[in-house]
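Engineer: If you read the first sequence in the working numbering, its first letter stands for residue 5, the second for the next number, and so on.
Simulated from the structure, these hints should not be mistaken for laboratory data.
Hints may be right or wrong, so weigh each one.
Pair ranges (Cβ atoms, derived) [what the hints assert, rightly or not]:
| hint | residue 1 | residue 2 | range |
| --- | --- | --- | --- |
| 1 | A80 | D15 | 29 to 39 Å |
| 2 | S165 | E23 | 24 to 34 Å |
| 3 | T488 | G110 | 48 to 58 Å |
| 4 | A601 | T182 | 17 to 27 Å |
Subject to a maximum C-alpha distance of 25 Å in a straight line, what follows is the list of computed PhoX-like cross-link-like pairs (lysine-lysine) [stated by the list, open to error]:
| hint | residue 1 | residue 2 |
| --- | --- | --- |
| 5 | K257 | K189 |
| 6 | K530 | K519 |
| 7 | K242 | K260 |
| 8 | K519 | K529 |
| 9 | K443 | K474 |
| 10 | K440 | K519 |
| 11 | K358 | K260 |
| 12 | K260 | K312 |
| 13 | K358 | K192 |
| 14 | K285 | K275 |
| 15 | K257 | K112 |
| 16 | K440 | K354 |
Since the structure is predicted, the reported quantities are computational estimates derived from the model, not experimental observations.
Glycine is no exception: its CB is placed at the ideal position from the N, C-alpha and C atoms.
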Amino acid sequence: MLILNHTIAGDACTIYFPERRSELAGFRDFLAQGDKVLGLDTETTGLGIYEDGFECRLVQIGNGREAWVLRVDLFADVICEALRQNRHFVVHNAAFDLQVIDRTLGVKIEELADRVFDTKIFAHLLDPRMKSEGGAGLRLKELSEIYVDDTAPDTEEGLSSIFSKLYADWKKTVSKETVDAHVRKSGKRPHVSYGFANIKIDHELYVRYAGLDVILVTRLFYELAPTIKDLGLNPLSKFEHHLQGLLCVMQRKGMKLDVAYIHQLRLDLQKEHEDYALVAKRYGVENINSTDQVADALLGMGETLTEKTDGGKWKVDKAVLSTLADLDREWERIEARDPNPLADAVMRAKRASKWQTSYVDAFLDYRDPDDRLHASINGLQARTARMSVSRPPLQQLPSGDFKIRRAVVADPGHVMISSDYDQIELRVLAALADVKAMKHAIETGVDLHGYTAELVYGPNYTKFHRKLMKGTGFGKVYGGGAETLARQTGAPMDGVKHAIAEYDRVYPEIKRYSKKLQSRAEFGKKEVITVSGRHLPLDRDRLYSATNYVIQSTARDILAQAIVDLFDAGLGDYLLLPIHDELLAQAPADVADEVAAEIGRIMSGMFYGVPLSSTGEVTGRNWGAAYGADPMAGIW
DNA sequence: ACTTTCACG
DNA sequence: ACGTACGTGAAAGTG
Numbered sequence: 005m006l007i008l009n010h011t012i013a014g015d016a017c018t019i020y021f022p023e024r025r026s027e028l029a030g031f032r033d034f035l036a037q038g039d040k041v042l043g044l045d046t047e048t049t050g051l052g053i054y055e056d057g058f059e060c061r062l063v064q065i066g067n068g069r070e071a072w073v074l075r076v077d078l079f080a081d082v083i084c085e086a087l088r089q090n091r092h093f094v095v096h097n098a099a100f101d102l103q104v105i106d107r108t109l110g111v112k113i114e115e116l117a118d119r120v121f122d123t124k125i126f127a128h129l130l131d132p133r134m135k136s137e138g139g140a141g142l143r144l145k146e147l148s149e150i151y152v153d154d155t156a157p158d159t160e161e162g163l164s165s166i167f168s169k170l171y172a173d174w175k176k177t178v179s180k181e182t183v184d185a186h187v188r189k190s191g192k193r194p195h196v197s198y199g200f201a202n203i204k205i206d207h208e209l210y211v212r213y214a215g216l217d218v219i220l221v222t223r224l225f226y227e228l229a230p231t232i233k234d235l236g237l238n239p240l241s242k243f244e245h246h247l248q249g250l251l252c253v254m255q256r257k258g259m260k261l262d263v264a265y266i267h268q269l270r271l272d273l274q275k276e277h278e279d280y281a282l283v284a285k286r287y288g289v290e291n292i293n294s295t296d297q298v299a300d301a302l303l304g305m306g307e308t309l310t311e312k313t314d315g316g317k318w319k320v321d322k323a324v325l326s327t328l329a330d331l332d333r334e335w336e337r338i339e340a341r342d343p344n345p346l347a348d349a350v351m352r353a354k355r356a357s358k359w360q361t362s363y364v365d366a367f368l369d370y371r372d373p374d375d376r377l378h379a380s381i382n383g384l385q386a387r388t389a390r391m392s393v394s395r396p397p398l399q400q401l402p403s404g405d406f407k408i409r410r411a412v413v414a415d416p417g418h419v420m421i422s423s424d425y426d427q428i429e430l431r432v433l434a435a436l437a438d439v440k441a442m443k444h445a446i447e448t449g450v451d452l453h454g455y456t457a458e459l460v461y462g463p464n465y466t467k468f469h470r471k472l473m474k475g476t477g478f479g480k481v482y483g484g485g486a487e488t489l490a491r492q493t494g495a496p497m498d499g500v501k502h503a504i505a506e507y508d509r510v511y512p513e514i515k516r517y518s519k520k521l522q523s524r525a526e527f528g529k530k531e532v533i534t535v536s537g538r539h540l541p542l543d544r545d546r547l548y549s550a551t552n553y554v555i556q557s558t559a560r561d562i563l564a565q566a567i568v569d570l571f572d573a574g575l576g577d578y579l580l581l582p583i584h585d586e587l588l589a590q591a592p593a594d595v596a597d598e599v600a601a602e603i604g605r606i607m608s609g610m611f612y613g614v615p616l617s618s619t620g621e622v623t624g625r626n627w628g629a630a631y632g633a634d635p636m637a638g639i640w
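Generate the whole structure from the sequences, applying the supplied hints.
Structural biologist: Okay, structure coming up:
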C-alpha cells in the first residue's frame, strides 16, 4: 500500500492508496469511525461522462485528515458499499460525480443525491462571482486557498506538466487526424484531458492530488456550512441541492440526435462556408475570421467604417457588415444602398462556419454511443443564479432558423413539447415593484405592450408605438438608457426620450423601485437580496444593474421551482432541458397533448399578486419543428 | 491570456 | 447630477 503524508493548514494528513484487498481493513476502520460527513471525489478519463470509452479510475473517500484513494478496477464493490451506507458526503461540483458514479458504479443519482452536500453550491450562495469578477471564485482550488490553506496546491495545474509530456509522447505515435479529433473534443488544454485518461494509475503525484482533493473538500465544508446557516441560507441551500439532483437526472436522460440529418447538414454548411470564403478571397480576405483583414479589405474598397472596438480596432461585427451588405436582421434586402459583396460573403461564410463548428460538429463530438446528447446542465451558474448549458451550448442554438434545432429529435414514438413563460421578466418586475397599472393589464390578459402604447399614445397608437413601448420595457428590465433604445429601435432620440418619460409617468413605481434598490446598495452592503433570500453582489460602479439582477434571478428561481414542481407531479421523466424562461420536454405521441397541458398548468400560477402564464405546446417530432417548415413532416 | 465576434433568453 | 442595456458558452485571431 502506498501511504503519503501531507500537511494541510498545519495538520498532518495521510493519504492511503491500497493495492490489494487485504489492505482494505484500514478503510473499513475509517468508515466505522462514524464521521457525520465524508469527503467524496472521483478521478475519471475525461469530462464526457456518457461518451464512448469514458471510465472512472479512482474514487476517493476521506475526512479532513485522511483520504482513501480507491482503484475502481479493484474495489468497485467496496466503494459501492461505502456509498450506500446511510451517511452524508460532501463533494465539490457534485453534479459531475453523481453522474459518474451513477453511470460507472451503478449507485444511482436517486440513491445518493439527497445525501450529498456540494461546496460549489455553498460557495455560490455566499458569493456567486468568479475570481475575475472580484469574487472568491467557485473552483475548489480558489476556495481552499481562502478558507482552508493559502498554500493549498492547484492539483490540476500541478499535474499539467506531467500531462504535457505524456501528450507530446502520444502525439508522436498517432496520426494527425487522431490528434485533431482529440483537440476538438477536449477543448483548450488537450494535454490535460489526455493526461487524466492515461497517467499511470499509481503515479505518486496523481494519487497525492486525488487524496488531497477530498481532504480539502471536507475541510471546506466545515468552513462554509456554518456561514450558510448563520446567514439563514439553509432553506435555499436545500432547495438548490434538491434541484441539482433533478437536473442530473435530466442530463442523464439526454436527447436523441438525427445523425443522418446532421451529416447532410454538415456537408451543406461546409459547402456554404467554402463558397463564400472563396468570394471573400477575391477581395483579398484570406481568413474570414480575421477582423483586421476584413476591415482592411472593406476600407480598400472605398467603404467608410465609423465604429471602433474597445481595443481601438475597426469594428466589423454583424451589425456593421449587414448595413454594408444592405441586409436587415432577417437577412432580407433593405434596398437602401448597393450591397457590398465582400460584407455579404463574410457574413454568410462566418454564419456557416459558426453553425458547423459550434453546433453541428459539437453534436457529433459529444454524443453517446446511442446518438444521444447529454449536455452539461449547470443549475447555479450566473451571478443571478441563471442556469447554463455546455458541451454543447444547447441554450444558444439558432432560433430564427430551424436547421440546427431540427437535429434534435424526440425519442421513437414521442413528440417534442415546449412551454415558455409569457413575458416573465416584465411580470416579475410588475410584481416586485407593485406596478399598479401594469398589474391590472396583466390580470385582464390584454396585450401588455399594446396596453402601454394606448396609455401613452391613445387608442390610435401605431405598430411602431407598440414596438417602442416593448423596447422601453426591455430597457427598464436591463437598466438601459435612451441611447441604446434609439439604436435598438431605430427611433429618433427625442422620440425615445419622450417614450421613456411617458413610460415613467404611466408606471411610476418602476423608477421608485430601482431607486430604492440602488440607494440601499449605495449606503449599505453592495448587494441586493431577492425574495428567495439570495444575495446578489453588485459592482460598485454599476449599481444600476440591481433591478436587472433581482428580476433575472427571480425569474430563474421561478423556473427552478417549476422544475421541482413538475418532478413532484410525476412529470420529471418528460423533461429535457431548461432554457431560462422555457422548458423543453417530450412525451409519447398519444398522451402528448395532456402532458403539454399539464406542464403549462404547473408552470402557471400567481406570483405576488401577478399571474404567471405558460402554455405547453406540442411542437412536432423534432426541436426545429416549431420554428419553421419541417422537411420530415409526414415521414414519421 | 485577452479580445472580438456571435449564438441564445 | 447624469446615465449606464442584463446574463451566458464557444470559436478564433492576436500578441
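Engineer: A separate judgement is required for each hint: does it hold in the structure or not?
Structural biologist: Verification of the supplied hints:
With their beta carbons about 31 Å apart, A80 and D15 fall inside the hinted range of 29 to 39 Å. Between S165 and E23 the C-beta distance comes to about 26 Å, which sits within the given range of 24 to 34 Å. The hinted window of 48 to 58 Å between T488 and G110 holds, with their beta carbons roughly 53 Å apart. Checked against the given bound of 17 to 27 Å, the beta carbons of A601 and T182, roughly 50 Å apart, lie outside it.
A distance of roughly 21 Å separates the Cα atoms of K257 and K189; the hinted pair therefore holds under the 25 Å criterion. The hinted pair formed by K530 and K519 meets the criterion: a straight-line CA distance of about 14 Å does not exceed 25 Å. Taken as a hint, the K242 and K260 pair is broken in the structure, with Cα atoms around 32 Å apart against an allowance of 25 Å. Distance check on the hinted pair: K519 and K529 sit about 15 Å apart at the alpha-carbon level, within 25 Å; holds.
Distance restraint check for K443 and K474: the Cα-Cα separation of roughly 16 Å lies within the 25 Å cut-off, and the hinted pair is therefore satisfied. Using a Cα cut-off of 25 Å, the hinted pair K440 and K519 holds, with the two alpha carbons roughly 17 Å apart. Of the pairs offered as hints, the one joining K358 and K260 holds, with about 22 Å between alpha carbons and a cut-off of 25 Å not exceeded. This hinted pair does not check out: K260 and K312 have alpha carbons roughly 43 Å apart, beyond 25 Å.
Note on K358 and K192: the hinted pairing holds, with a Cα-Cα distance of about 17 Å set against a maximum of 25 Å. Proximity of K285 to K275 is assessed by CA-CA distance (about 15 Å); at most 25 Å being required, the pair is judged to hold. Distance restraint check for K257 and K112: the Cα-Cα separation of roughly 13 Å lies within the 25 Å cut-off, and the hinted pair is therefore satisfied. Proposed proximity of K440 and K354 is contradicted: the alpha carbons are some 47 Å apart, above 25 Å.
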